[in-house]
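J.: Chains as they are written, first to last, in numbering that gives the first Met the number 0: chain A, 0 to 277; chain B, 0 to 244.
In short, the hints are calculated from the structure, not lab data. Be a bit skeptical, because a hint or two may be false.
What the hints assert, rightly or not - Covered stretches of chain A, going by a simulated chain B footprint (3 or more residues, C-beta under 8 angstroms):
(1) 198-211
(2) 231-238
What the hints assert, rightly or not - Going by beta-carbon spacing under 7 angstroms, a handful of chain B positions derived as facing chain A:
(3) Leu70
(4) Gly175
(5) Asn200
(6) Gln217
(7) Ala221
(8) Met223
(9) Arg224
Cβ atoms here follow ideal geometry from the backbone N, Cα and C, with glycine treated the same way.
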Amino acid sequence: MKHLQLYLPLLAALGSGCSAQTGDLTLTTYGEEFIEVGMPPASESSPEGVVDGWSITYDSFLIVLADIELADEDIPMIGDAQARVFDMTQAGPHQILRLQQVPAGNLSQVQVSTRPAADAVAGNATAEQVQRMTTQGWSVFAQGKAERAGITKTFAWGFELGTRYRNCKDADEISGLVVPTGGSVQAEFTIHGDHLFFDDLQDPSAVMRFDAIAAADADMDGEVTLSELEAVDLATLPSDQYGTGGDGRVLDLAHFIRDQTRSLVHFAGEGHCQAETL
Amino acid sequence: MRRLHLHVTPIALSLTLAACVGDTGGRYLSVPISVGAQAPGAGPNAKGWTVQLTRAELNMGPLRLYEGEPLFAGLAEDMLGLLFGGRSAFAHPGHYEEGAALAEWLQPRVIDLLSPSPVLLGDADAVTGAYRSAQLDLNPSPELGGAVLVLQGTADRDGTSLSFSATASSAISVQGIAASADVQGAAEINLTVDLGTWVENIDFELLGPSRTLVPETQPHSALMRGVFNTSAYAFVISTSAAPQD
Numbered sequence: 000m001k002h003l004q005l006y007l008p009l010l011a012a013l014g015s016g017c018s019a020q021t022g023d024l025t026l027t028t029y030g031e032e033f034i035e036v037g038m039p040p041a042s043e044s045s046p047e048g049v050v051d052g053w054s055i056t057y058d059s060f061l062i063v064l065a066d067i068e069l070a071d072e073d074i075p076m077i078g079d080a081q082a083r084v085f086d087m088t089q090a091g092p093h094q095i096l097r098l099q100q101v102p103a104g105n106l107s108q109v110q111v112s113t114r115p116a117a118d119a120v121a122g123n124a125t126a127e128q129v130q131r132m133t134t135q136g137w138s139v140f141a142q143g144k145a146e147r148a149g150i151t152k153t154f155a156w157g158f159e160l161g162t163r164y165r166n167c168k169d170a171d172e173i174s175g176l177v178v179p180t181g182g183s184v185q186a187e188f189t190i191h192g193d194h195l196f197f198d199d200l201q202d203p204s205a206v207m208r209f210d211a212i213a214a215a216d217a218d219m220d221g222e223v224t225l226s227e228l229e230a231v232d233l234a235t236l237p238s239d240q241y242g243t244g245g246d247g248r249v250l251d252l253a254h255f256i257r258d259q260t261r262s263l264v265h266f267a268g269e270g271h272c273q274a275e276t277l
Numbered sequence: 000m001r002r003l004h005l006h007v008t009p010i011a012l013s014l015t016l017a018a019c020v021g022d023t024g025g026r027y028l029s030v031p032i033s034v035g036a037q038a039p040g041a042g043p044n045a046k047g048w049t050v051q052l053t054r055a056e057l058n059m060g061p062l063r064l065y066e067g068e069p070l071f072a073g074l075a076e077d078m079l080g081l082l083f084g085g086r087s088a089f090a091h092p093g094h095y096e097e098g099a100a101l102a103e104w105l106q107p108r109v110i111d112l113l114s115p116s117p118v119l120l121g122d123a124d125a126v127t128g129a130y131r132s133a134q135l136d137l138n139p140s141p142e143l144g145g146a147v148l149v150l151q152g153t154a155d156r157d158g159t160s161l162s163f164s165a166t167a168s169s170a171i172s173v174q175g176i177a178a179s180a181d182v183q184g185a186a187e188i189n190l191t192v193d194l195g196t197w198v199e200n201i202d203f204e205l206l207g208p209s210r211t212l213v214p215e216t217q218p219h220s221a222l223m224r225g226v227f228n229t230s231a232y233a234f235v236i237s238t239s240a241a242p243q244d
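Using the sequences provided together with the hints, build the complete structure.
T.: Spelled out as structure tokens, the structure:
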């Protein structure tokens, strides 16, 4: 709670002096149906589903959210550095943070990080889940299964990559949020769990697929591990799949999926942030 | 969206650029563009093959520069970072958005990438503004037998030397290339193609008896991934502080 403690006196001072110019702010996170329910095969009714017929569900989708900051040119930075672990498979939205009597006005600069954190606490995750993330040093952990025509493949992947998402905008390209005077505002960091199965790191027309991941199960034990994915040279896959844009360091499927963790956090549904690798 | 520009006519593109001038308030410029290449290094590629090229031609253009940030700064910026102390890893997750076009060069031209000095393509129509990314289109050319690019050379590993040839026949659009400069006056654009990146992950052991890179095999797929890799293209935009008349 380091940053929260630092900022509370500021907020109290601002609040006591000009209470009419403050409002309340709640930040939440939500995993959408793709994480909470699953990713169906693509069909006429689910055109955004998995294109090669697999049905994918998460049993656990843990993410560490930390370093929340909100600011504007005229408003000092407020926020909370505390890292929190959320299990996005639980029905959301989940409250991350509620701040009262923050300066009213436009907070155009909004940012959050996903990163490993040894001092992370529970957002909505269990103590066991928090311990798993802190001891393993993961920022994201995805566990689940994919099924097609009686075949089941399971996966349990932990990722250590840290990403700062800054300058968050909503789907209408409006930066940040507005705290109304005497009122309250709620804003959401939306987690796009379907991105782990996208087949391109850059192309906005990327689709979800699982065939190459399933085929990576070299020992045929039913579980696709990151080591097995690392053995898959992307150049052995069809040339129109798993494009890496400009990230020439991504040469195998494990690193491809790992790189997709840099695109998980969105703002207010389909809004975007700029992502920097930590 | 990514591929729309492949089918837009030059007239429409000029209108697009003209519109963006109105949007950005920028001033018109004429900006020379030159293209050079860096040959594969003397060391082996990621598969252990040392590659020497005897022919490297491609049909380059149209070429456009945009205000949108690239998704991956990648190797090109890393290379510049080594020189100028910058850093990479700026990203816009999952969705590159090019934004307004600030410069465009519309006349495709076959370029010999083994030319000893950079080739002057011509002058791009441009406007002042904050340049951040580029898009390079490569299209089939009769001069290259209907191919987009032609590569020939030798690959050596452990005493084995293989001659090879490769072509790409489908149109290619490389998008989201890092190209950063604040252009307020006279400027010059220099593009360097890193041919080493193109061949970095080709496993020449998997070549067939024809010694030609066959589509949907590892060698051809690795080449195409190299061509699509924005890290293979380094833009240096030299600017002048003085406004251009």
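J.: Compare the structure with each hint and give your call.
T.: Do the hints match the structure? See the list:
1. With a threshold of 8 angstroms between beta carbons, the proposed coverage of the region 198-211 of chain A by chain B holds, since 6 of its residues qualify and at least three are required.
2. Counting residues of the region 231-238 of chain A whose CB lies closer than 8 angstroms to any CB of chain B gives 7, so the stated coverage by that chain holds, three being the minimum.
3. With a least beta-carbon distance of about 5 angstroms to chain A, the hint placing leucine 70 of chain B at the interface is held under the 7 angstroms criterion.
4. For the restraint placing glycine 175 of chain B at the interface with chain A, the shortest Cβ-Cβ distance is roughly 6 angstroms, inside the 7 angstroms limit, so the hint holds.
5. Taking 7 angstroms as the C-beta cut-off, the interface hint given for asparagine 200 of chain B holds, the closest approach to chain A being about 6 angstroms.
6. The beta carbon of glutamine 217 of chain B is positioned within 7 angstroms of a beta carbon in chain A (closest approach about 5 angstroms), and the interface hint is therefore held.
7. With a cut of 7 angstroms, the hint placing alanine 221 of chain B at the interface with chain A holds, because the nearest CB-to-CB distance is about 4 angstroms.
8. Of the supplied interface hints, the one on methionine 223 of chain B holds, with its beta-carbon coming within about 5 angstroms of a beta-carbon of chain A, less than 7 angstroms.
9. At a threshold of 7 angstroms, the smallest CB-CB gap from arginine 224 of chain B to chain A is about 6 angstroms, leaving the interface hint in force.
In summary, this structure violates none of the numbered hints.
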